[in-house]
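There are 2 protein chains.
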Amino acid sequence: MKKFVKPLLVALIFGATTAAIAQQAPKPEQIIKWRQSVYQVLAWNNGRIKASLDGTYNKDEVIRSANAIAALANAGLGALYPAGTETGKGWHDTTVKPELFTDGAKAGEAAKKFITEANELAKVANTGDAAAVKVQFGKLGQT
Amino acid sequence: MKKFVKPLLVALIFGATTAAIAQQAPKPEQIIKWRQSVYQVLAWNNGRIKASLDGTYNKDEVIRSANAIAALANAGLGALYPAGTETGKGWHDTTVKPELFTDGAKAGEAAKKFITEANELAKVANTGDAAAVKVQFGKLGQT
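Chains as they are written, first to last, in my numbering: chain A, 3 to 145; chain B, 3 to 145.
Source of the hints: derived by calculation from the structure; they are not laboratory data. Keep in mind that this is a model prediction, so the values were computed, not measured. None of the hints are false.
Beta-carbon label-pair distances, calculated as ranges:
#1 A/Thr-129 / B/Lys-29: 32 to 40 Å
#2 A/Ala-27 / B/Phe-103: 35 to 43 Å
#3 A/Asn-128 / B/Lys-125: 14 to 22 Å
#4 B/Lys-114 / A/Gly-80: 29 to 37 Å
#5 A/Lys-141 / B/Val-137: 38 to 46 Å
#6 A/Ala-133 / B/Lys-91: 38 to 46 Å
#7 B/Asn-128 / A/Thr-129: 23 to 31 Å
#8 A/Gly-140 / B/His-94: 33 to 41 Å
#9 B/Lys-136 / A/Lys-91: 32 to 40 Å
#10 A/Glu-31 / B/Asp-95: 12 to 20 Å
#11 A/Ala-45 / B/Asn-121: 18 to 26 Å
#12 B/Asp-105 / A/Pro-100: 44 to 52 Å
To spell it out: a stretch of chain A is covered by chain B in this simulated footprint if at least three of its residues, at any positions, have a beta carbon under 8 Å from a beta carbon of chain B; those stretches are:
#13 59-71
#14 74-80
Using N, Cα and C, we set each Cβ at its ideal position, and we do this for glycine too.
Let the hints inform the model, and build the full structure from the sequences given.
Next comes the structure, spelled out in structure tokens:
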């Protein structure tokens, strides 16, 4: 019987391990899709703020949009840039900059700036001061 | 000269109008892409909360994820369901339920529930009480 036990154990351990990996590590394609989806949701909200600044200012819409951008900025987006996703296809081929993966310090600095300016935009949006929002929106755009 | 003025005015007005429309109304394909992207970002954050509940609880990650879900819930997602996007292709063919477009009251009720439970989840996440998060996460999943 012993000769059956070992393969069975191996199969169980291997099965358990791959199940655990499957749960903990989504496929690169899925991660790139999430990353590209975050960009799209940011673009949607940026577009709504821009429409308010270029046309009739809608305070509530700007607040909603700025809050969404800030929440995403603070969501821990770094988790969407694991090794192995430098290239690959999500919704489409990734256009991510290779430096983000090779220069961790620079990527961290850029992320920090984005978070700071996004938080500030959410704060300024609450005042309803369109001119101040325009200035802060410009700063966010530069990150 | 008068005979040139009228066509010029018409051209200017028509040009201005189409420019305004182009700015205010993104194409259905773009709107469906944004909608599908919001679903993906929600799925990413749901998955992170689930991973915390099923494995090692990470309070900060759950807070970040719950805040992102709440901010999206409050972002005015109704704007991503305009008439003309009942069918069509964004990243892929839309799978949106036709009732969302034909039964406005029901859709509004569902949206309100989603917002309420998402806001509550963000509140509960801040306590770090994994059991309470699990209960509230279940309630959100039912919306």
